[in-house]
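> Listed below, chain by chain, are the residues.
Protein chains: 2
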Amino acid sequence: MRVVIVNTGTELLLGDIQDAHLSFIAHEIFPLDLRVEERRTLPDGSAIRDALEELFGRAEILFVTGGLGPTTDDITRETVADLLGLELHQNAELLASLRQRLEARRIKWTSRIGRQANVPMGAQILPNENGSAPGLYFPANISPRVSSPHLFLLPGPPRELQPMFRRSVLPILRLIVPLSDSLECRIYRVVGMGESLIEEAIGQKILAIPKVELGYCARPGDVDVRILGEASALDRAGAIIRTALGASIYSTTGHTIEETIVKLLSARNETLAVAESCTGGLLANRITNVPGASEVFVAGYVCYANQAKIDILDVDRKLIEKHGAVSEAVSRALAENARRSSGSTYAIATTGIAGPTGGSADKPIGTVYITFASANSETIAKKFFFPSDRETFKELAAQAAFDLLRRKLIASFCG
Amino acid sequence: MRVVIVNTGTELLLGDIQDAHLSFIAHEIFPLDLRVEERRTLPDGSAIRDALEELFGRAEILFVTGGLGPTTDDITRETVADLLGLELHQNAELLASLRQRLEARRIKWTSRIGRQANVPMGAQILPNENGSAPGLYFPANISPRVSSPHLFLLPGPPRELQPMFRRSVLPILRLIVPLSDSLECRIYRVVGMGESLIEEAIGQKILAIPKVELGYCARPGDVDVRILGEASALDRAGAIIRTALGASIYSTTGHTIEETIVKLLSARNETLAVAESCTGGLLANRITNVPGASEVFVAGYVCYANQAKIDILDVDRKLIEKHGAVSEAVSRALAENARRSSGSTYAIATTGIAGPTGGSADKPIGTVYITFASANSETIAKKFFFPSDRETFKELAAQAAFDLLRRKLIASFCG
Numbered sequence: 001m002r003v004v005i006v007n008t009g010t011e012l013l014l015g016d017i018q019d020a021h022l023s024f025i026a027h028e029i030f031p032l033d034l035r036v037e038e039r040r041t042l043p044d045g046s047a048i049r050d051a052l053e054e055l056f057g058r059a060e061i062l063f064v065t066g067g068l069g070p071t072t073d074d075i076t077r078e079t080v081a082d083l084l085g086l087e088l089h090q091n092a093e094l095l096a097s098l099r100q101r102l103e104a105r106r107i108k109w110t111s112r113i114g115r116q117a118n119v120p121m122g123a124q125i126l127p128n129e130n131g132s133a134p135g136l137y138f139p140a141n142i143s144p145r146v147s148s149p150h151l152f153l154l155p156g157p158p159r160e161l162q163p164m165f166r167r168s169v170l171p172i173l174r175l176i177v178p179l180s181d182s183l184e185c186r187i188y189r190v191v192g193m194g195e196s197l198i199e200e201a202i203g204q205k206i207l208a209i210p211k212v213e214l215g216y217c218a219r220p221g222d223v224d225v226r227i228l229g230e231a232s233a234l235d236r237a238g239a240i241i242r243t244a245l246g247a248s249i250y251s252t253t254g255h256t257i258e259e260t261i262v263k264l265l266s267a268r269n270e271t272l273a274v275a276e277s278c279t280g281g282l283l284a285n286r287i288t289n290v291p292g293a294s295e296v297f298v299a300g301y302v303c304y305a306n307q308a309k310i311d312i313l314d315v316d317r318k319l320i321e322k323h324g325a326v327s328e329a330v331s332r333a334l335a336e337n338a339r340r341s342s343g344s345t346y347a348i349a350t351t352g353i354a355g356p357t358g359g360s361a362d363k364p365i366g367t368v369y370i371t372f373a374s375a376n377s378e379t380i381a382k383k384f385f386f387p388s389d390r391e392t393f394k395e396l397a398a399q400a401a402f403d404l405l406r407r408k409l410i411a412s413f414c415g
Numbered sequence: 001m002r003v004v005i006v007n008t009g010t011e012l013l014l015g016d017i018q019d020a021h022l023s024f025i026a027h028e029i030f031p032l033d034l035r036v037e038e039r040r041t042l043p044d045g046s047a048i049r050d051a052l053e054e055l056f057g058r059a060e061i062l063f064v065t066g067g068l069g070p071t072t073d074d075i076t077r078e079t080v081a082d083l084l085g086l087e088l089h090q091n092a093e094l095l096a097s098l099r100q101r102l103e104a105r106r107i108k109w110t111s112r113i114g115r116q117a118n119v120p121m122g123a124q125i126l127p128n129e130n131g132s133a134p135g136l137y138f139p140a141n142i143s144p145r146v147s148s149p150h151l152f153l154l155p156g157p158p159r160e161l162q163p164m165f166r167r168s169v170l171p172i173l174r175l176i177v178p179l180s181d182s183l184e185c186r187i188y189r190v191v192g193m194g195e196s197l198i199e200e201a202i203g204q205k206i207l208a209i210p211k212v213e214l215g216y217c218a219r220p221g222d223v224d225v226r227i228l229g230e231a232s233a234l235d236r237a238g239a240i241i242r243t244a245l246g247a248s249i250y251s252t253t254g255h256t257i258e259e260t261i262v263k264l265l266s267a268r269n270e271t272l273a274v275a276e277s278c279t280g281g282l283l284a285n286r287i288t289n290v291p292g293a294s295e296v297f298v299a300g301y302v303c304y305a306n307q308a309k310i311d312i313l314d315v316d317r318k319l320i321e322k323h324g325a326v327s328e329a330v331s332r333a334l335a336e337n338a339r340r341s342s343g344s345t346y347a348i349a350t351t352g353i354a355g356p357t358g359g360s361a362d363k364p365i366g367t368v369y370i371t372f373a374s375a376n377s378e379t380i381a382k383k384f385f386f387p388s389d390r391e392t393f394k395e396l397a398a399q400a401a402f403d404l405l406r407r408k409l410i411a412s413f414c415g
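Quick note, the sequences are listed as chains A and B, same order.
Be aware that the first sequence starts at 1, since it is given in the working numbering, and climbs by one per residue.
Be aware that the second sequence starts at 1, since it is given in the working numbering, and climbs by one per residue.
These are calculated hints, taken from the structure and not from any lab test.
Hints may be right or wrong, so weigh each one.
It does not matter which identical chain is meant; a pair holds if it fits inside one copy or across any two.
[As the list claims (entries may be wrong)] Computed list of lysine-lysine pairs in DSS-like fashion (alpha-carbon distance at most 30 Å, straight line): (1) K108 to K322; (2) K205 to K322; (3) K263 to K363; (4) K205 to K108; (5) K108 to K382; (6) K108 to K408; (7) K108 to K383; (8) K108 to K363; (9) K318 to K382; (10) K383 to K318; (11) K408 to K383; (12) K263 to K205; (13) K318 to K205; (14) K205 to K382; (15) K211 to K408.
None of the values given here were measured: they were computed from a predicted structure.
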């Protein structure tokens, strides 16, 4: 089926904001054997009308993102109703829930906000759990006047669109798409190996299995290996992947590495502390994004300044003077002292040079020491080199630190 | 002039790769008073032909990215030549430089590679300093057969496209575009006010000014107000915005609130520590994303567990027992002790209930106390209520904490 995405929003075309919807939607519909055949990005305003009019005749499933909010430039709902010749009526339930939402947030009611409760006749409401504007679904050819595709109007903010898509859009798509039951999609999340190294390890062998489609999705320090096909063929492909990538696979259930860690620690009733210099709070932030983190995460020490390393985590000043703050010795001291001071089972520590300044010939920008300390085993320190921009460096260092911890947890599970 | 970008590449539609071209090109052409009016993302193959045929009649400047390489799915050059009825001829100079390039890299020559030296009659070559495929420029209506826009074929990899754009495309655009340097874009970044409240405060008044375009872009706790138009009209609009939004505006130069804070602190030679319970490292992480943060950021204390608040920041156990960890009293103790313990000029602290569990009737999920402590003035604590999903809650609390600090810094600047 011809799937088309229309992203609306002048801000997208000004280049100030990266669109996240294409990537999200493409990944979500992939297991249904659907691919996006075209994406258009359009400004708020009349261009939306022209494009929809054209696409109504060509697309079979059409996702339109943005333009459902309360402000004057939000006109998607009204434009679609007009194109399809559907009257808008105010939905009492939506209106009440909007009022409730605003009261709970102590936000003043304005008449513009009420527009978000307008629903074109015959459209199905897709509840928005994280925002005020609901999504809308129009079955194909909803109006006798116009031929039209299955049409989904979705909110612009990713944190609103994404849960709505999973909860309300996918179930509708499953009814629309003539599903071949036997087709499956499996995803192996891999840490610490680049895409080309993975391709070299598994590419030829997997492509030799008939009717298995292989794809990759890479993020800093992280690659999703995706196979699509019939279950029996995927079993063969999965065996190849497991043999080749082994412990580098950290999840087959779509979890992040920090979710995997929180789960492993919870299962063992163990706890974690982190001591961060160069990752600057990223480890703590990612761990505390996981619901239930408070069960296992005790404390984070972001010792950014040298003096903070000395004051907060009792790192010996002489150690810093002798080896430098970015050194194995200081990394070890940070991890061991964080663990002892917090009373946690484990601690991980990072110290490195994020850039853009601060590098030397001896320790260039991108150098980082990562240490794992445990109440039950010896301390392990590793040196990595991640020359890149500041934020990517932090992501790569965090990923390496989490991976060091994860491997130790798994090893002691199995040992 | 109607500017359209066509991004070609199946990998873009699979969602595995984020397109970087729209953002780059939009920013580069903005000073020429050019704005992208539409962007299409298309798979390799016949869809490109259909789209180009349609867009030749509508666009005035058309950028096509990708599909210039040596592999079978690279067909942009040939498709355009065919559509415009221009013969391809092999350019001897390009061919020689391609051979030289491959020899230097010890890559075997194949006939496919030679295709990249084919140039449609009348097209201008845009040299590629970082790759093998050159770009091509076709002046408007180059062929007597077809009406066509100013057409630029550009390579897919950003590291090839970007230098080519700056060196070869911009000079051509400057000749094409009748330059008016009067159109401007101004962005006011606003914290702590929702989109609809802002719209209510300024919408009618701004729209009453002729030829000013108004737009919004909302993130958690944060809204960009964007006005476009001639300088004199923007001065009027800007005055309205400043009067209505006042100190809620934290940047007019596109900086984030954490960048604004690092800059304010640097200018004053002052330092910051953060004590985080519910934001779990997000404050520290965002501050340390700013290059130069090490000048002003001393330490972050992520005291997630109650015991960590007692052990690390010396919060009185009785205070926690009496008021609860989520309370004004504990929030004050966290901020004041973090400031004293780190020796920083200022500290901000957060303690709240992120959810999804842990709320009570008295302190529902979303409750958060935020405190500002200073070496020079009294401590200020505030209570907020941000009922939402866990990550949005953290973002909203972080934004409120940064805003409290920012307002105090500005006030003491002015006082």
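> Of the hints stated earlier, which fail here?
1, 2, 12, 13, 14, 15
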